[in-house]
Every structure is written in structure tokens, then in C-alpha cells.
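*Asks:* These are the residues of each chain, in order.
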Amino acid sequence: AQSVAQPEDQVNVAEGNPLTVKCTYSVSGNPYLFWYVQYPNRGLQFLLKYITGDNLVKGSYGFEAEFNKSQTSFHLKKPSALVSDSALYFCAVRPNQAGTALIFGKGTTLSVSS
Amino acid sequence: GAVVSQHPSRVICKSGTSVKIECRSLDFQATTMFWYRQFPKQSLMLMATSNEGSKATYEQGVEKDKFLINHASLTLSTLTVTSAHPEDSSFYICSARGLAGRFLYSTDTQYFGPGTRLTVL
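Chains as they are written, first to last, in my numbering: chain H, 1 to 114; chain S, 1 to 121.
Errors might be hidden in some of the hints.
[Claimed, not checked] Have a look at the derived ranges for each label pair, beta carbon to beta carbon:
1. H:Leu56 with S:His85: 45 to 51 Å
2. S:Lys55 with H:Leu56: 22 to 28 Å
3. S:Arg117 with H:Ser60: 34 to 40 Å
4. S:Asn51 with H:Ala5: 28 to 34 Å
5. H:Ser3 with S:His85: 29 to 35 Å
6. H:Ser111 with S:Arg117: 21 to 27 Å
7. H:Ser28 with S:Asp108: 17 to 23 Å
8. S:Thr17 with H:Glu66: 32 to 38 Å
9. H:Glu64 with S:Lys64: 36 to 42 Å
10. S:Asn51 with H:Lys106: 25 to 31 Å
11. S:Leu121 with H:Asn30: 43 to 49 Å
12. S:Asp108 with H:Gly16: 29 to 35 Å
[Said to hold, decoys possible] Sample of chain H residues at the chain S side, in silico, Cβ under 10 Å:
13. Arg42
14. Phe67
15. Leu88
16. Phe90
17. Thr109
18. Val112
[Claimed, not checked] Once the Cα atoms are required to be at most 20 Å apart in a straight line, the calculated SDA-like pairs of lysine to any residue come out as:
19. H:Lys49 with H:Lys77
20. H:Lys106 with S:Lys55
21. H:Lys22 with H:Thr100
22. H:Lys49 with S:Asp108
23. S:Lys66 with S:Ser54
24. S:Lys41 with H:Glu8
25. H:Lys106 with S:Arg37
26. S:Lys20 with S:Asp108
27. S:Lys55 with H:Thr100
28. H:Lys106 with S:Gln38
29. S:Lys41 with H:Asn12
If you are wondering where the hints come from, they were derived from the structure by calculation, not from laboratory data.
The beta carbon of each residue, even a glycine, is placed where N, CA and C say it ideally should be.
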């Protein structure tokens, strides 16, 4: 079965430190990969995506993600965390087939302390 | 980026009543819209995929007669929860994937609405 794994329920970092939120996937072919962020009682906001090209993708709010095909991973990173980055982060994969919906990971809560 | 709206943002209703939730793509045409349900501190569960002008495709375990989906135009999809019960209380989120518009990558990316909090008493 196709799936997305976010192995950490919560990631805690201090403001100013680098952060990484992990994501691995099990999807056949060459999927499209996405990161979304959700603030309390709000919908999901698109951060970035990888379709093809450079393995390092830059997105909104200073976030970036590195695609690693051999490890089937798409970890989200930011060089210097802000308190305002505290939120729930979802990794999602869309199998490269027309009309298919996103497959979401269970989400990782990022907590940035001042 | 592309904007998707949902209305209402919050609704409280009595058990047995029906509730309609609207999802609109404001600045792009959405050939496909998706409806998700999210329980507290959990991931999104896809309920159905809605294509403009055709019947929605429901995920396994989702009752199509209870969760009626209509995608009548390229900018509007509606989800009607019929005969709602307390167990239907949840956060419902729609997303839209574009056909064409002002945004180059709108055909690849799903843009999400802000969600609708449904509480059934």
C-alpha cells in the first residue's frame, strides 16, 4: 500500500536553531511531493513541492526540503527557526497519475521555544 | 497563491438536520476538488474526489448518501451532511486543484480552504 510516514509526532527546537521535520514515502513511480503547514483551527497552507529538477526545493517562509530518491525521503528544513513557525506540518505525496488525491502523513507538531 | 474559501467556517446544528458546506476557488478554475475530514490532532482523511460535471468518487467507508457532494461549476463544490449525528462532528476541509489560472503551477498543487468546524448536538 502507498503511504507517507512522518516518524516524529513532535519536534522541539529553540528559536534560531536549525530545524528538520522528517518525511519518508512508499509510492511507486515518480511521485509529486508536498509540504503543508496548519495553524490551529485553520486549513492547510502550501509551503513547497518537488516535482522534478533540483533535489533542494525552496518554499515559503524560508523553508526548504531535500528530495532523496534513494532514501525515498523529503525532509523539511529551515536554517533558523522562529517561534511563529510553531504549527502542525504535513508531508503529502501525490502518485504521478492523473486525478489521484494526495496521501498525507500523520503530521508533525513543531514547537519552537524562545 | 491561489485562494480557496469555505463557508461557513463554523456551524452548530441539531441531530437529524442537514448541513451544507461550500467550497469555492476564488481566482482559478478547479476541475477537481477534494473533501477531507480531520479529527483533532490527526491527519486528513480523504472522503471524496469531486470532478466538475460528474459524480463524486467516494473513498471506501464513506457513505455517499450521507455525504452528498455536488461540483456544479469550475469554482464551486458543496458537501451536504444529511441527517447529521454527533459522530459527524469534525473539521471538514476542501481543496482544489486547478485547470488554468493566474498561477503557473496550479495544475500540480492542491490549495486548501480554511476548513469548516461542524458540531452536531
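*Asks:* Starting from the hint 45 to 51 Å, judge whether the C-beta atoms of H:Leu56 and S:His85 obey it.
*Replies:* holds, 48 Å
*Asks:* Does the structure keep S:Lys66 and S:Ser54 at a Cα separation of 20 Å or less?
*Replies:* Roughly 18 Å separates the two Cα atoms, so the pair holds.
*Asks:* Does the beta carbon distance between H:Ser3 and S:His85 stay inside 29 to 35 Å, or does it fall outside?
*Replies:* holds, 30 Å
*Asks:* Assess, step by step, whether the Cα of S:Lys55 is no farther than 20 Å from the Cα of H:Thr100, and give holds or violated.
*Replies:* Status holds; Cα separation ~15 Å.
*Asks:* For H:Lys22 and H:Thr100, compute the direct alpha-carbon distance and say whether it is at most 20 Å.
*Replies:* Distance ~23 Å between H:Lys22 and H:Thr100 Cα, so the pair is violated.
*Asks:* The hint names H:Phe67 as touching chain S; please verify it with the least Cβ-Cβ distance against 10 Å.
*Replies:* violated, 15 Å
*Asks:* Does the structure keep H:Lys106 and S:Gln38 at a Cα separation of 20 Å or less?
*Replies:* Answer holds: H:Lys106 to S:Gln38 is near 11 Å, not above 20 Å.
*Asks:* Does H:Lys77 sit within 20 Å of H:Lys49, going by the straight-line distance between their CA atoms?
*Replies:* holds, 13 Å
*Asks:* Against chain S, run the beta carbon of H:Leu88 and see if the smallest gap drops under 10 Å.
*Replies:* At about 8 Å, which falls below the 10 Å cut-off, the nearest Cβ of chain S leaves the hint on H:Leu88 intact, so it holds.
*Asks:* Holds or violated: H:Lys106 and S:Arg37, Cα atoms, limit 20 Å.
*Replies:* holds, 13 Å
*Asks:* With a cut-off of 10 Å on the beta carbons, see whether H:Arg42 makes it to chain S.
*Replies:* holds, 6 Å
*Asks:* Take the C-alpha atoms of H:Lys49 and S:Asp108, compute the straight-line distance between them, and say whether it is at most 20 Å.
*Replies:* Holds: H:Lys49 and S:Asp108 sit about 9 Å apart, inside 20 Å.
Consistency with the previously given hints fails for numbers 2, 3, 8, 14, 18, 20, 21 and 26, ordered from lowest to highest.
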